[in-house]
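Chemist: Produce the complete structure using the sequences and hints provided.
Number of protein chains: 2
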Amino acid sequence: MATADDAMPSRLTEKPSWLISQTSMHAHRLLVDRLATAGSHGYHYRLLAALQEFGPASQARLGRRTGIDRSDVVAALNDLAGRGMVERAHDPADRRRNIITITPAGTAHFQRLDGILAVVQDDLLAPLSLAERQLLIGMLTRVLEHHNSK
Amino acid sequence: MATADDAMPSRLTEKPSWLISQTSMHAHRLLVDRLATAGSHGYHYRLLAALQEFGPASQARLGRRTGIDRSDVVAALNDLAGRGMVERAHDPADRRRNIITITPAGTAHFQRLDGILAVVQDDLLAPLSLAERQLLIGMLTRVLEHHNSK
DNA sequence: GGCCAACGTTGGCCCGGCCAACGGTAGCAA
DNA sequence: TTGCTACCGTTGGCCGGGCCAACGTTGGCC
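For the record, the sequence lines run as chains A and B. The first sequence lines up with residues 67 to 216 when you count with this note's numbering. The second sequence lines up with residues 67 to 216 when you count with this note's numbering.
Calculated from the structure, these hints are not laboratory results. Note that beta-carbon positions come from the ideal geometry of N, C-alpha and C, so glycine has one too. Not one of these hints is a red herring.
Chain A is faced by these chain B residues, among others (derived, beta-carbon under 7 Å):
#, residue
1, R77
2, R131
3, L190
4, L191
5, E198
6, L202
7, I203
Incomplete in silico selection of chain A near chain B, CB under 7 Å:
#, residue
8, I86
9, R131
10, L210
Chain B regions said to be covered by chain A (calculated; three or more residues, Cβ under 8 Å):
#, region
11, 81 to 89
12, 115 to 123
Modeler: Dropping the structure here:
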């Protein structure tokens, strides 16, 4: 009494937005679970990625880069700093800013997380061929560009 | 000082899971905003859709159909019932159950919401051709089936 | 008669996205 | 110089959505 009986409304399963959000939820769960295994949250990965790719930056800029709110950046960085993955220093040139630098430990941890992410993606898109994945990426990128630029 | 300077890390923008979650966020925001305009939340739409398509059902079954937790179903139904869109009745045949029935007002409201959703989808996938949209739907559906069945 | 399962309900947790407000600081212009 | 404006970090709070644990009630079944 808990199987064929409980079909989803097709009004939902037909809608692209529903499909996308469902897929997103799967991805999100896969990711969060495995990041948690590594003792990290989504914000941590994003911040470390930004630091890794662009080097030291102020908190505000990190927020802009990663799409994380200033206030949330504070908490996440507290966390990362407390675990020695990141260092806060006052900017001598502009005393409003904190300059955030990733430490070697942070870099190492980031690479671990990045490996996890790679596995998750592969898991997520398992049923798609390589060509299809690229198609998908292309379409989603176009959708995003459209909405970001307008 | 807030534009070219604040690029996203490619480590993120490259990942399908990131693209998907970003797209999902856009869709979600479009949807939530417009649903809020109509004074409804996501749960409301889902529940009304299930009732509309399958007719009266117990709360537990509604939860299974829509993927909403039993406990959250309670709250959402309280809301809908309070607005006269849904009626709770004790099931004479099984006194554990409440039988939920959609009212004419509920049906009308659902159709309003459904119209909103249609617009949102179109908005979301604007940059994609019809063929592409179907391709996208097909791929996402396959991905979801894969993860649901395993 | 007893045991287990399902039901509705309450209350709580977490994550992620957001906003308002504050004191401190920088920059620019009158 | 004095202001005004904008930015910065930080605190505290809100909401939506997905979950889980527990309880008392009720049914089904051995």
